[in-house]
Structures are given as structure tokens and as C-alpha cells.
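Novice: Sequence:
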Amino acid sequence: MSKLQNVSHKELVLHAVLLLRSVNQLDSKENQLAMYDKLSDAELIDYIEHFHDPQPSFDYESYMDGPDPEEFGRYTSCTAGDYGPSNPWDAPGMSIHDFI
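So that you can map any letter, position 70 of the sequence shown is 70 in the working numbering, and since no number is skipped, the others follow by simple counting.
Below, a list of computed lysine-lysine pairs in the DSSO-like style, where the Cα atoms sit at most 27 angstroms apart:
1) K3 x K38
2) K3 x K29
3) K38 x K10
4) K10 x K29
Honestly, the hints are just simulated from the structure, not real lab data.
Could you put together the complete structure from these sequences and hints?
Specialist: As C-alpha cells, then:
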């Protein structure tokens, strides 16, 4: 049994809002209090107990580097100098004579 089972609803709401304020100060305290006041005691206890659980990691650097060319192979792109609307004669099987 959790220690939070014997705490009043108002104290649970305040505890949840204080935790939320540590990561989100963009919304007003009044809005956050009103939002959490709508939750049940069980939902608030679950939120409080699991607030500091580890989050899945996200490798931002590898995401910004884009796909690894060796992993996905070569791809065509009109911005990479391949064929495209501005350079259609470089398409496979096409030549400039097809457009003249």
C-alpha cells in the first residue's frame, strides 16, 4: 500500500502540480490545478509515483544526421544532381535528344 493512499485529494493535486511545475512552467498554476483537480485519487497517485520513471532515450544527433547511406543504399533525389523536374534528361534511359 502506498503512503499516498492516506493523503487528501487536495494535497495530491498540489503534489502533482508541483511536480509538473518542475518541467512545465509555461501554463499557469491555476490552469494546472484545475486540470489535475479533475483526476481521481488513483490517477493522481499513479502520476506522482511514476513521475521520475526513466524515459526512453532519444538519440537526437543521429536523428539529425539523417539515414546512413550504407544502411539504406543509394537513393535518387532531384536536389542531389540526379534526374528530376529541372534535369529530366539524366533519368535512366533518357537523353537530351528525347526533349528536342
